[in-house]
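Visitor: Hey, can you work out the whole structure from these sequences and the hints?
The listed protein sequences derive, respectively, from chains X and U.
Going by numbering that gives the first Met the number 0, the first sequence opens with residue 0, and the numbers climb by one from there.
Going by numbering that gives the first Met the number 0, the second sequence opens with residue 0, and the numbers climb by one from there.
Since the hints were derived computationally from the structure, they do not count as laboratory data.
Among these hints, one or two may not hold up.
Said to hold, decoys possible - Cut-off 25 Å, straight-line C-alpha distance, at most; resulting in silico cross-link-like pairs (DSS-like, lysine-lysine): (1) U:Lys86 to U:Lys99; (2) U:Lys46 to X:Lys42; (3) U:Lys252 to U:Lys160; (4) X:Lys76 to U:Lys238; (5) X:Lys76 to X:Lys65; (6) X:Lys65 to U:Lys86; (7) U:Lys20 to U:Lys60; (8) U:Lys41 to X:Lys42; (9) U:Lys238 to U:Lys184; (10) U:Lys160 to U:Lys135; (11) U:Lys99 to X:Lys144; (12) U:Lys86 to X:Lys144; (13) U:Lys160 to U:Lys233; (14) X:Lys65 to U:Lys251; (15) U:Lys34 to X:Lys42; (16) X:Lys65 to X:Lys42; (17) U:Lys34 to U:Lys60; (18) U:Lys107 to X:Lys144; (19) U:Lys99 to U:Lys71; (20) U:Lys86 to U:Lys124; (21) U:Lys251 to U:Lys86; (22) X:Lys144 to U:Lys135; (23) U:Lys207 to X:Lys164; (24) U:Lys185 to U:Lys160; (25) X:Lys76 to U:Lys41; (26) U:Lys135 to X:Lys235; (27) X:Lys65 to U:Lys238; (28) X:Lys65 to U:Lys124; (29) U:Lys71 to X:Lys65; (30) U:Lys207 to X:Lys76.
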Amino acid sequence: MAVNGHYVVREARKGKDEVQIARILSECFGPVTPGQLSQWMWKPEVRTFVCEVDGAVASHINVVFKELHLGEGVYSKTGGIGGVCTCSEFRRKGLITSLMRQTLDYVRNSGVSNSGLYTGLMLPAHRIYERNGFCDVTTMSSYVKILDFAYAFRLWLRDINRDIKVSRIAQKTLQGWNRTIVFQFEEFGAQSFYFNRGRFHRVRKPPKNADIVIATSLEMLFRATQGEFRFEEATKTGKIQVKQGTDADLQMLRRILTRMWNE
Amino acid sequence: MNSMTSRVRLIQPSDGEELRKFYERFALNFVGIAKREARQFKHMARKRDNLRWVALNGEGKIIGYILAAYAKGRRTGRITEIIVDPKYDFETVAGALVDKVHDVFLEKCAAQIRAGGVQNPDNSKIFRRLGFWHIKTDGVFMYAITDAAQFLSEITPILVKRLKTLSDWNGQLRVSCENHQISFKKEGETVQSSSLINDQLNCDIFLKASGLIRVLLGSIDVQSALLEGLITVKTDLPKVKMNELLLTIFPKKQFLTFDYW
Chain X
0 MAVNGHYVVR
10 EARKGKDEVQ
20 IARILSECFG
30 PVTPGQLSQW
40 MWKPEVRTFV
50 CEVDGAVASH
60 INVVFKELHL
70 GEGVYSKTGG
80 IGGVCTCSEF
90 RRKGLITSLM
100 RQTLDYVRNS
110 GVSNSGLYTG
120 LMLPAHRIYE
130 RNGFCDVTTM
140 SSYVKILDFA
150 YAFRLWLRDI
160 NRDIKVSRIA
170 QKTLQGWNRT
180 IVFQFEEFGA
190 QSFYFNRGRF
200 HRVRKPPKNA
210 DIVIATSLEM
220 LFRATQGEFR
230 FEEATKTGKI
240 QVKQGTDADL
250 QMLRRILTRM
260 WNE
Chain U
0 MNSMTSRVRL
10 IQPSDGEELR
20 KFYERFALNF
30 VGIAKREARQ
40 FKHMARKRDN
50 LRWVALNGEG
60 KIIGYILAAY
70 AKGRRTGRIT
80 EIIVDPKYDF
90 ETVAGALVDK
100 VHDVFLEKCA
110 AQIRAGGVQN
120 PDNSKIFRRL
130 GFWHIKTDGV
140 FMYAITDAAQ
150 FLSEITPILV
160 KRLKTLSDWN
170 GQLRVSCENH
180 QISFKKEGET
190 VQSSSLINDQ
200 LNCDIFLKAS
210 GLIRVLLGSI
220 DVQSALLEGL
230 ITVKTDLPKV
240 KMNELLLTIF
250 PKKQFLTFDY
260 W
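Guide: Structure follows, in structure tokens:
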């Protein structure tokens, strides 16, 4: 599907594009302000490219050159690609494909023979990168130690609330979805929430008839949301037990917890 | 392997150059690690939050270091980098460093401690002992060759160095990727490389771009790459010799990176 209207791929302009780029980046990666962006974006080693549709910035990519060790003490300059994102209303129109091609041309024309990036296997962008010649090198993992379970969980939900606040696609998807949710954790008991107007509100007293009741451990919930296994798979194998809730509600809860708005 | 470690102390700005050299020596055992300058280490050492430590041997020489950060507002500690001299026992040296940082996080009332990204497999011993969960994420590092001819010329010194270690073979070898090729002529300890095509080849190796990336960056071993068709070889060499040659020029290396963009 091609984009309706006129689009241009160009380098970002200092003092003009920061607000629009911050809005797109926030929608994709979590809140960032134009001020925070400026501190990083205009460093000499960073080049930023945007795709503009009818005068508005719709897509963004940046390139940072790094030297990576390829073996035997030999380092090769690499075009490190990051911040690949498109405003939700312009997705699936080929903007990123176009922007990525021109960015890779820039990398090549800069005398750099290779490029690297970090992404997620489950993200639609992964397929775009593969089409542009990228191949998977290694998957990533993390080590987590929780010392205060209740705080860590509240922090996690606070981050989700913040992400939703700046994501138009999330707000659109969640419009009118109001549910009471109870998480029964092995580690620290029940935590009850009312999800309303695109955010989790903590409820001190557990509701008598919650819409969704999930019994699990925080560890399993973390693993499922980080992509170690699929949420659906976890509910089938009992890693996450669904005590109450329709399939549609669980699908929506999964989207919220994984922050995957595009299927 | 030396398992003795004497003490840990905070990183000092004056450690910058020594840390850079130490980092480069460590990088030799891995692929993917980004080049750093001494000023980056000096900059790290200026922060006064007790979260950057070095391990010293009995002679006061740096044999390992750890870098970490703490977000007070989020009560979240993050261990970003653990590096240990390969001559020393990783578990002992890294264990002492992680224990130190772990204690600092506890003093700061951390609610969670994280260590994420591309992991050194050796880290698992330390983190599991301290009760960390190992969570596999769907995060992935991807790599592309944008100019095959140039890339081949950039990796030529690597292949030359590796071919030199093959003591009992002399002959001509060609490595091709995406219609570009580099030829090598080995005579004793001398290895010459050339982009010219030579007809008298003993071994002609064709790699798909993805094959070259994956064998070079340690994502697949050369035998699996052959089975998957990422590499094809035309040769007059016996199979055992061909395998030895392939394993010499494309040994399986561990991919590791600490710097993200």
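Visitor: For every hint, state whether the structure bears it out.
Guide: Status of each hint after checking the structure:
1. U:Lys86 to U:Lys99: Since the Cα atoms of Lys86 (chain U) and Lys99 (chain U) sit roughly 21 Å apart, the hinted pair holds (cutoff 25 Å).
2. U:Lys46 to X:Lys42: 21 Å, holds
3. U:Lys252 to U:Lys160: Roughly 15 Å between the alpha carbons, so the hint for Lys252 (chain U) and Lys160 (chain U) holds.
4. X:Lys76 to U:Lys238: 35 Å, violated
5. X:Lys76 to X:Lys65: 6 Å, holds
6. X:Lys65 to U:Lys86: 28 Å, violated
7. U:Lys20 to U:Lys60: The hint holds at about 12 Å.
8. U:Lys41 to X:Lys42: It holds: about 20 Å lies between the C-alpha atoms, which stays within 25 Å.
9. U:Lys238 to U:Lys184: Measuring from Cα to Cα gives roughly 20 Å; hence the hint holds.
10. U:Lys160 to U:Lys135: Given that 25 Å is the threshold and the Cα spacing comes to 35 Å, the pair is violated.
11. U:Lys99 to X:Lys144: Holds - the C-alpha atoms of Lys144 (chain X) and Lys99 (chain U) are around 15 Å apart, at most 25 Å.
12. U:Lys86 to X:Lys144: The given pair, whose Cα atoms are some 29 Å apart, is violated under the 25 Å limit.
13. U:Lys160 to U:Lys233: Satisfied, since the Cα-Cα distance of roughly 22 Å is no more than 25 Å.
14. X:Lys65 to U:Lys251: Holds, at about 23 Å.
15. U:Lys34 to X:Lys42: 18 Å, holds
16. X:Lys65 to X:Lys42: Measuring from Cα to Cα gives roughly 14 Å; hence the hint holds.
17. U:Lys34 to U:Lys60: 22 Å, holds
18. U:Lys107 to X:Lys144: 15 Å, holds
19. U:Lys99 to U:Lys71: Holds: Lys99 (chain U) and Lys71 (chain U) sit about 18 Å apart, inside 25 Å.
20. U:Lys86 to U:Lys124: 18 Å, holds
21. U:Lys251 to U:Lys86: 20 Å, holds
22. X:Lys144 to U:Lys135: 14 Å, holds
23. U:Lys207 to X:Lys164: Distance ~44 Å between Lys207 (chain U) and Lys164 (chain X) Cα, so the pair is violated.
24. U:Lys185 to U:Lys160: Holds, because 11 Å separates the two Cα atoms, which is no more than 25 Å.
25. X:Lys76 to U:Lys41: Distance of about 23 Å is within 25 Å: holds.
26. U:Lys135 to X:Lys235: 19 Å, holds
27. X:Lys65 to U:Lys238: The given pair, whose Cα atoms are some 39 Å apart, is violated under the 25 Å limit.
28. X:Lys65 to U:Lys124: Not satisfied, since the Cα-Cα distance of roughly 30 Å exceeds 25 Å.
29. U:Lys71 to X:Lys65: 30 Å, violated
30. U:Lys207 to X:Lys76: Holds. Lys207 (chain U) to Lys76 (chain X) sits at ~21 Å (cutoff 25 Å).
Going through the hint list in order, the structure does not satisfy hints 4, 6, 10, 12, 23, 27, 28, 29.
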